[in-house]
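Starting from the structure of chain S, add chain Y where the hints point.
Number of protein chains: 2
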Amino acid sequence: MNSPTFSFQWLPFLFLIFSTSVSATLYNIPRLNPIGGILDDPETASTSANVLDNLETFYFDQTLDHFNYRPEGYTTFQQRYVINSKYWGGANSSAPILAYFGAEAPLDGDLAVIGFLTDNAVKFKALILYIEHRYYGKSIPFGSREEAFRNASTLGYFNSAQAIADYAEIIIHLKKILHAEYSPVVVIGGSYGGMLASWFRLKYPHVAIGALASSAPILYFDDITPQDGYYSIVTKNFREASESCYQTIKKSWSEIHEVASKPGGLSILSKTFKTCNPLNKSLELKDYLETIYASAAQYNDPPRYPVNIVCGGIDGAPFGTDILTKIFAGVVAYRGNQSCYVNGPKNISETTMGWRWQTCSEMVIPIGIGNDSISMFSPNPFVLRSFIESCIRLYGVPPRPHWVTTYYGGHDIKLILHRVLENISPSVVAVQTVNGSHCLDILRAKQSDPEWLVMQRKEEVKIIKQWITKYYIDLLAFKK
Amino acid sequence: MNSPTFSFQWLPFLFLIFSTSVSATLYNIPRLNPIGGILDDPETASTSANVLDNLETFYFDQTLDHFNYRPEGYTTFQQRYVINSKYWGGANSSAPILAYFGAEAPLDGDLAVIGFLTDNAVKFKALILYIEHRYYGKSIPFGSREEAFRNASTLGYFNSAQAIADYAEIIIHLKKILHAEYSPVVVIGGSYGGMLASWFRLKYPHVAIGALASSAPILYFDDITPQDGYYSIVTKNFREASESCYQTIKKSWSEIHEVASKPGGLSILSKTFKTCNPLNKSLELKDYLETIYASAAQYNDPPRYPVNIVCGGIDGAPFGTDILTKIFAGVVAYRGNQSCYVNGPKNISETTMGWRWQTCSEMVIPIGIGNDSISMFSPNPFVLRSFIESCIRLYGVPPRPHWVTTYYGGHDIKLILHRVLENISPSVVAVQTVNGSHCLDILRAKQSDPEWLVMQRKEEVKIIKQWITKYYIDLLAFKK
Numbered sequence: 001m002n003s004p005t006f007s008f009q010w011l012p013f014l015f016l017i018f019s020t021s022v023s024a025t026l027y028n029i030p031r032l033n034p035i036g037g038i039l040d041d042p043e044t045a046s047t048s049a050n051v052l053d054n055l056e057t058f059y060f061d062q063t064l065d066h067f068n069y070r071p072e073g074y075t076t077f078q079q080r081y082v083i084n085s086k087y088w089g090g091a092n093s094s095a096p097i098l099a100y101f102g103a104e105a106p107l108d109g110d111l112a113v114i115g116f117l118t119d120n121a122v123k124f125k126a127l128i129l130y131i132e133h134r135y136y137g138k139s140i141p142f143g144s145r146e147e148a149f150r151n152a153s154t155l156g157y158f159n160s161a162q163a164i165a166d167y168a169e170i171i172i173h174l175k176k177i178l179h180a181e182y183s184p185v186v187v188i189g190g191s192y193g194g195m196l197a198s199w200f201r202l203k204y205p206h207v208a209i210g211a212l213a214s215s216a217p218i219l220y221f222d223d224i225t226p227q228d229g230y231y232s233i234v235t236k237n238f239r240e241a242s243e244s245c246y247q248t249i250k251k252s253w254s255e256i257h258e259v260a261s262k263p264g265g266l267s268i269l270s271k272t273f274k275t276c277n278p279l280n281k282s283l284e285l286k287d288y289l290e291t292i293y294a295s296a297a298q299y300n301d302p303p304r305y306p307v308n309i310v311c312g313g314i315d316g317a318p319f320g321t322d323i324l325t326k327i328f329a330g331v332v333a334y335r336g337n338q339s340c341y342v343n344g345p346k347n348i349s350e351t352t353m354g355w356r357w358q359t360c361s362e363m364v365i366p367i368g369i370g371n372d373s374i375s376m377f378s379p380n381p382f383v384l385r386s387f388i389e390s391c392i393r394l395y396g397v398p399p400r401p402h403w404v405t406t407y408y409g410g411h412d413i414k415l416i417l418h419r420v421l422e423n424i425s426p427s428v429v430a431v432q433t434v435n436g437s438h439c440l441d442i443l444r445a446k447q448s449d450p451e452w453l454v455m456q457r458k459e460e461v462k463i464i465k466q467w468i469t470k471y472y473i474d475l476l477a478f479k480k
Numbered sequence: 001m002n003s004p005t006f007s008f009q010w011l012p013f014l015f016l017i018f019s020t021s022v023s024a025t026l027y028n029i030p031r032l033n034p035i036g037g038i039l040d041d042p043e044t045a046s047t048s049a050n051v052l053d054n055l056e057t058f059y060f061d062q063t064l065d066h067f068n069y070r071p072e073g074y075t076t077f078q079q080r081y082v083i084n085s086k087y088w089g090g091a092n093s094s095a096p097i098l099a100y101f102g103a104e105a106p107l108d109g110d111l112a113v114i115g116f117l118t119d120n121a122v123k124f125k126a127l128i129l130y131i132e133h134r135y136y137g138k139s140i141p142f143g144s145r146e147e148a149f150r151n152a153s154t155l156g157y158f159n160s161a162q163a164i165a166d167y168a169e170i171i172i173h174l175k176k177i178l179h180a181e182y183s184p185v186v187v188i189g190g191s192y193g194g195m196l197a198s199w200f201r202l203k204y205p206h207v208a209i210g211a212l213a214s215s216a217p218i219l220y221f222d223d224i225t226p227q228d229g230y231y232s233i234v235t236k237n238f239r240e241a242s243e244s245c246y247q248t249i250k251k252s253w254s255e256i257h258e259v260a261s262k263p264g265g266l267s268i269l270s271k272t273f274k275t276c277n278p279l280n281k282s283l284e285l286k287d288y289l290e291t292i293y294a295s296a297a298q299y300n301d302p303p304r305y306p307v308n309i310v311c312g313g314i315d316g317a318p319f320g321t322d323i324l325t326k327i328f329a330g331v332v333a334y335r336g337n338q339s340c341y342v343n344g345p346k347n348i349s350e351t352t353m354g355w356r357w358q359t360c361s362e363m364v365i366p367i368g369i370g371n372d373s374i375s376m377f378s379p380n381p382f383v384l385r386s387f388i389e390s391c392i393r394l395y396g397v398p399p400r401p402h403w404v405t406t407y408y409g410g411h412d413i414k415l416i417l418h419r420v421l422e423n424i425s426p427s428v429v430a431v432q433t434v435n436g437s438h439c440l441d442i443l444r445a446k447q448s449d450p451e452w453l454v455m456q457r458k459e460e461v462k463i464i465k466q467w468i469t470k471y472y473i474d475l476l477a478f479k480k
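Quick mapping for you: the protein sequence lines, in order, are chains S and Y. Sequential numbering of the first sequence, starting at 1, is according to full-length UniProt numbering. Sequential numbering of the second sequence, starting at 1, is according to full-length UniProt numbering.
Bear in mind the hints are in silico, worked out from the structure with no lab data behind them. Values in this document were obtained by computation on a predicted structure and should not be read as measured data. Incorrect hints may have been included.
The list treats identical chains as one, so a pair stands whether inside a single copy or across any two.
Derived PhoX-like pairs: lysine-lysine, alpha-carbon spacing no greater than 25 Å straight-line [to be verified]: (1) Lys175 with Lys465; (2) Lys479 with Lys414; (3) Lys465 with Lys274; (4) Lys250 with Lys462; (5) Lys414 with Lys175; (6) Lys414 with Lys480; (7) Lys271 with Lys479; (8) Lys274 with Lys262; (9) Lys462 with Lys251; (10) Lys125 with Lys251; (11) Lys176 with Lys236; (12) Lys446 with Lys458; (13) Lys86 with Lys176; (14) Lys176 with Lys414; (15) Lys125 with Lys271.
Only chain S is shown next, with the shape it has when bound in the complex (with noise of 0.2 Å):
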């Protein structure tokens, strides 16, 4: 017997993308946003609807701590909640309800560019639930951002066991409006968002029958998954798109040391990379460009392929170019003619300054370059002590690295999970997918997209489907 629960979205590259500012003094600490670091393709979606039509902004009074009665934890913040009913079928029928968490960023972005529950509700004659996630966008307690980012002691409640006790509050609250209580609700999310969604569905089993969570990393926790597991993926990724490419870039690292070395070196490499100012240390140039190989390879988005994009700047320089300029050749291509590069001004997001905090407190996710033949990287293992000993100077808290795996679990998962799941293969559905990138499948539909794409969205629908028709086989049992 099936209990329909997660569907977990291993697509087979990336799922993380770095932030390229604050976070080189510390680490390169990935970020979870399900959208992408480059523009989103202008191109129309190929479904009418448009994902901003009939949307209307709601806010909850949120309880700042769940799990405390102390008479600040009693303080309410405003949450924001974006609803769209237009292809609900009403309470009467138990219509269902299509969730969406908000991941690290604030909610407008997702709104534009998560598409999977507009293009389906016709379908499932679903009402459409966006919820923001605690300190991002409008749904900031403390009256003020630069407040809620004060210190630790504002910090403290940015955290996603508070994140999803916001969710289940607001759901609850929404049925009971509504008097949907017996809608049945599926959540979905995409990267953190998606953990966020499988963690909901194993902690609330009570209020969500299923969870879509796309590109979600639940394992990339503890010594669960080996730290080099994502930077080896987009070793694989450029390696696969051009061979000559991978070459040029593993060659080149050692080529930036080499110069940098030299009297005059860090000039050599500023005019070589266009820099917006002098490069204080090579470090800085090393930064930049591996994030722009992850962000390539964790966005690799058809039509255009990110990693074909600057795999073809660096291949395509003339022959006989010098490697440094083969890779410049390759940010140009990425990034496009700008009036320089590397270092210009940092605009530190709302995403780098809240992520830049869950990485330091709850969300470890140990990723290094581990020192491997393979690796077109050069080494930079991931040392817990000295993550946390930066943290503790950032925030004056430690992290705790493994509250993750003590509250969600995640070791051992296919002996777990068999057990709580029942059976991890009909009930845990993993929907791979040989190509793929980062939180594709619940972006738009486009006329554009290929059809693996087009196929694996069809195949996610069927198992919502499925979920639902279950359900109401119960309702009906249980009603009767």
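Only chain Y this time, still in chain S's reference frame:
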């Protein structure tokens, strides 16, 4: 296919005991302690194992706040746990762990009477683990009970979500230091501790393969269970024991009221009931009697059967005895010969102190007495609003009466659990008995135990054995 999970023990009579002391000024807030109101029967246990032998005490450096990264939340306290490893088969054979969850009392009392683990450890080759609940016994944060109970700011961390996170931390820690990662864990608790056990199984399925929740009223929250459920069962219990006893008690309240409203009536009542101090109002007497009946019914243990004892006193009075003298004879039969009754010096136990906070914050269990014609009690409905006001007066913060159902569920449990746990019949096993009393099944086995009790425990052991057997099959397949 069955997923091992809760075994609910819905003992047919009662699962709550009333706090006889302070709460009268507030509400008769139920206590949920597995240990009875009267002294434990001194009769020798039937098994040779002494529950207090082979115990080793340890302390774990426990995080004060698992769900917040404020610097204050990093404070730790010493949490007590006790181990009996005499019967354990060891880590190499992945021998199981039976973990008892402390409830709203110091652990010492449980160690003396909870015999289920010791009685069955040999069969399972199990390690026995008892964990004390935060804010009780020796597991007090903030350095002292006085500090810990100072106000809502220090009490705020005292709730079930934090408590089960404590239990998860200790179990994971213990398995790690024992290298017993693959030892299956079955969690066991009675009453409030039984709720914790079943909620733990729900929230931490990766840590426990099953839960034995004895007499755990997990559905006595919000509007799930009618508020007079508790007292209507007390009534039923007395009526089944003796119709005349039931009729006498039923009539006694108006008699008390009538006498009390006469001039000098309180003096008469004080004399009739040999009160330690002159009664200030008849409510003192009513609360006292309610508590006696509820406690007798809740802990209606063989071989003494306190309900029979109370009714023996009431029914045994000479023909023609007036109602209140009969009632007093019941009190004396139950309490024994004392120099005085009703309002003697009150000792405010740790349980009274702690449970008062717990019911005034999270564990809002709406128990009232309705106005029906069958009840043997005088009406005393639970009014949420005035309950909330009393709690605010006491602690400065209101309870959160809907949080338990938000976090743990409970509404439409047959629909929900059916879905969560596949099939309510094989996987959520309710071991019911016609006879029974509060948490009786997890107390020590005795020579005098009636046949039904012996059979009930056998059934529970059989179910746990099935869980463990199934786990080992899964483990073998996993390790292959």
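Now for the hints, and whether the structure bears them out:
Taking the shortest Cα distances, Lys175 and Lys465 sit within 25 Å of each other inside one copy (20 Å), while across copies they are farther apart (41 Å). Within a single copy, Lys479 and Lys414 get their C-alpha atoms only as close as 35 Å, which misses the 25 Å cut-off; across copies the closest is 10 Å, which meets it. Neither within a single protomer nor between protomers do Lys465 and Lys274 lie at most 25 Å apart by alpha-carbon distance, with minima of 53 Å and 70 Å respectively. With identical chains, the CA atoms of Lys250 and Lys462 are never at most 25 Å apart, being 42 Å at best within one copy and 61 Å at best between copies.
Taking the shortest alpha-carbon separations for Lys414 and Lys175, only the inter-copy value of 19 Å comes in at or below 25 Å, while the best intra-copy value is 34 Å. Only between protomers do Lys414 and Lys480 lie at most 25 Å apart by alpha-carbon distance; the minimum there is 12 Å, versus 37 Å within a single protomer. Taking the shortest Cα distances, Lys271 and Lys479 never come within 25 Å of each other, neither inside one copy (74 Å) nor across copies (56 Å). Proximity of Lys274 to Lys262 under the C-alpha cut-off of 25 Å is restricted to the intra-copy arrangement: shortest distance 19 Å within a copy versus 101 Å between copies.
Within a single copy, Lys462 and Lys251 get their C-alpha atoms no closer than 46 Å, and across copies no closer than 65 Å, so neither meets the 25 Å cut-off. In this homomeric assembly, Lys125 and Lys251 never come within 25 Å of each other (Cα to Cα): the closest approach is 54 Å inside a single copy and 59 Å across copies. In this assembly of identical chains, the alpha carbons of Lys176 and Lys236 never lie at most 25 Å apart, being 49 Å within a copy and 35 Å across copies at closest. Proximity of Lys446 and Lys458 under a CA criterion of 25 Å is satisfied intra-copy only: 14 Å inside one chain copy versus 62 Å between copies.
When the C-alpha separation of Lys86 and Lys176 is checked against a cutoff of 25 Å, the pair qualifies only within one copy, where the shortest distance is 19 Å, while the shortest distance between copies is 52 Å. Proximity of Lys176 and Lys414 under a CA criterion of 25 Å is satisfied inter-copy only: 19 Å between copies versus 36 Å inside one chain copy. Within a single copy, Lys125 and Lys271 get their C-alpha atoms no closer than 58 Å, and across copies no closer than 72 Å, so neither meets the 25 Å cut-off.
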